[in-house]
Each structure stands twice: as C-alpha cells, then as structure tokens.
Amino acid sequence: MTIKITHKIKSYSVARADATGSNAAPAVPEAEVIQMHERLQRPEVLVGSTYKIKSPLFEHALYVTINDIVLNAGTPHESRRP
Numbered sequence: 033m034t035i036k037i038t039h040k041i042k043s044y045s046v047a048r049a050d051a052t053g054s055n056a057a058p059a060v061p062e063a064e065v066i067q068m069h070e071r072l073q074r075p076e077v078l079v080g081s082t083y084k085i086k087s088p089l090f091e092h093a094l095y096v097t098i099n100d101i102v103l104n105a106g107t108p109h110e111s112r113r114p
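In our numbering, the protein residues as written are 33 to 114.
If you're looking for bench data, these hints aren't it; they were derived computationally from the structure.
The model shown is predicted, which means the values in this text are computed figures rather than measured ones.
Cβ coordinates follow ideal geometry from the N, Cα and C atoms, glycine included.
Mixed in with the good hints, there may be bad ones.
[Claimed, not checked] Ranges between beta-carbon positions, derived for each pair:
#1 Ser43 / Ile66: 29 to 35 Å
#2 Lys86 / Glu64: 41 to 47 Å
#3 Gly106 / Arg74: 15 to 21 Å
#4 Pro58 / Thr38: 43 to 49 Å
#5 Thr34 / Arg112: 51 to 57 Å
#6 Val96 / Leu72: 19 to 25 Å
#7 Pro58 / Asp100: 32 to 38 Å
#8 Val96 / Thr34: 42 to 48 Å
#9 Ala63 / Thr34: 38 to 44 Å
#10 Thr38 / Gly106: 54 to 60 Å
#11 Val102 / Thr34: 37 to 43 Å
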C-alpha cells in the first residue's frame with residue numbers, strides 16, 4: 033500500500049510498539065498452505081513451462097523451468113500442482 037504525500041514533511045516521530053493508533057497497518061491474513069501428504073513417485077512426464085529472463089545486468093539470458101505434477105490424471109479430480 034502506498035500513500036502519496038502532497039505537502040512538505042515538517043516533523044517526524046518513531047511509533048512505539050505498544051501504541052495502538054488508527055494509523056496501524058491492518059493485519060495481513062496468512063495464506064493457507066496445502067501440504068501434500070501422499071507418497072508420490074516421479075512421473076515419466078512432467079508438464080511445465082520454461083521462461084526466458086533477459087536482464088541488462090547479465091551477459092546471458094536465464095531460463096527458469098517450473099514443472100507441475102498432475103494428480104489423479106484422467107479422472108474428474110485431476111489437478112496440477114507446481
């Protein structure tokens with residue numbers, strides 16, 4: 033979240049940890065992490081995507097591949113997980 037400052041800053045102070053004011057940042061809800069509990073064997077074929085990253089900081093391009101595993105292939109409960 034950004035706040036645009038439209039006037040000059042005349043003074044400042046450090047907020048105390050015990051102070052509860054209206055300027056306090058709202059609590060960010062934590063993401064629900066789903067742990068895979070099944071014992072999975074590496075499949076013969078991995079589905080995924082390869083991305084090419086070019087930066088002026090590097091002489092060569094970087095290639096990043098993110099592979100997905102397909103769970104319950106061929107069933108109505110088929111899903112892809114990275």
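Here is what the structure says about each hint:
no.: 1; hint: Ser43 / Ile66: 29 to 35 Å; result: violated, 48 Å
no.: 2; hint: Lys86 / Glu64: 41 to 47 Å; result: violated, 35 Å
no.: 3; hint: Gly106 / Arg74: 15 to 21 Å; result: holds, 18 Å
no.: 4; hint: Pro58 / Thr38: 43 to 49 Å; result: violated, 23 Å
no.: 5; hint: Thr34 / Arg112: 51 to 57 Å; result: violated, 34 Å
no.: 6; hint: Val96 / Leu72: 19 to 25 Å; result: holds, 22 Å
no.: 7; hint: Pro58 / Asp100: 32 to 38 Å; result: holds, 34 Å
no.: 8; hint: Val96 / Thr34: 42 to 48 Å; result: violated, 29 Å
no.: 9; hint: Ala63 / Thr34: 38 to 44 Å; result: violated, 22 Å
no.: 10; hint: Thr38 / Gly106: 54 to 60 Å; result: holds, 59 Å
no.: 11; hint: Val102 / Thr34: 37 to 43 Å; result: holds, 40 Å
Checked against the numbered hints above, the structure breaks hints 1, 2, 4, 5, 8 and 9 and satisfies the rest.
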